[in-house]
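Positions in the sequence shown are counted from 1; adding 27 to them yields the working numbering.
Derived from the structure by calculation, the hints contain no laboratory data.
With a straight-line Cα cutoff of 20 Å, these simulated EDC-like cross-link-like pairs (lysine to aspartate or glutamate) come out:
| hint | residue 1 | residue 2 |
| --- | --- | --- |
| 1 | K155 | D89 |
| 2 | K32 | E106 |
| 3 | K77 | E106 |
| 4 | K77 | E29 |
Simulated restraints, written as ranges between beta carbons of each label pair:
| hint | residue 1 | residue 2 | range |
| --- | --- | --- | --- |
| 5 | Q140 | E29 | 39 to 47 Å |
| 6 | L237 | A163 | 43 to 51 Å |
| 7 | A264 | I120 | 28 to 36 Å |
| 8 | A179 | L136 | 21 to 29 Å |
In this text the structure is predicted, and so the values were computed from the model without any measurement.
Even for Gly, the Cβ is constructed at its ideal location relative to N, Cα and C.
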Amino acid sequence: MEGLKDKVIVFAGAGGIADGVAQYLGQSGAKIVVGDINIASAERCIEVVKNAGGDGVATTLDIANEEQVKALVAFAISEFGQINGLFNVAANIDPTEVAQDTNSVDIDLACWQRNIDINLTGYMLTTKYATPHIIAAGGGSIVNTISDAVYANMPDKLSYSVTKAGVGALTRNTASRFGKQGVRCNAVSPGLVLTESGKQNSGHLVDMVLQMIPAPRVGTPEDMGAFVAFLLSDMAAWITGQTVCVDGGAIMRT
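Let the sequences and hints guide you as you build the complete structure.
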């Protein structure tokens with residue numbers, strides 16, 4: 028993809044969609060620095076980018092920890108000397124906390140706070156510390172991951188929905204404030220994306236989603252990877268402050 032060769036992109040989060048993005052960035056000759064709380068996932072993402080023709084390094088990251096976010100950005104600078112883009116895709120996938128994320132009456136407060144810390148404060152922290160380096164490199168692109176839960180009528184998943192809506196506001200604020208300094212910021216809202224690890228136990232979910240969307244299949248990491256790579260590239264130079272639903276048309280139901 029045009030406009031990505033030798034660009035340095037920091038990933039906050041790995042696995043699934045991140046692997047799809049790494050595939051396209053590698054094919055385009057980019058370099059990535061991947062931080063994830065699961066170092067094995069981060070290292071697999073680096074394998075993907077290298078096998079595709081790019082380069083990269085992995086590190087451990089708890090996105091809710093400010094010092095670790097600072098360290099991720101410093102690591103990227105020490106390894107490659109610059110940062111041209113940022114991809115925020117980290118999420119709280121702890122099954123216990125996912126189950127506790129209910130509604131405004133029943134939600135566990137610790138679950139609420141943990142999702143705030145990861146899904147919203149974490150994205151703010153990576154933006155806070157990466158943006159000055161993106162400006163110093165002459166400008167670049169930030170892509171945040173939100174969710175159709177922002178728009179859908181969901182009786183549960185309160186903190187997830189609220190934090191993803193907050194990331195949408197963060198996206199627009201960043202685009203507005205730093206656009207004149209060459210920073211673009213957009214968000215993607217994925218639908219059901221079927222990863223390799225999720226294929227074995229997702230048959231019922233896939234059938235349910237296919238009944239609700241106009242597309243003939245659910246998404247793949249490659250679907251997301253192509254679009255996120257486009258937003259990170261110079262080909263999207265006049266796109267900023269936008270949220271794009273990449274969901275097989277699921278958003279039309281809301």
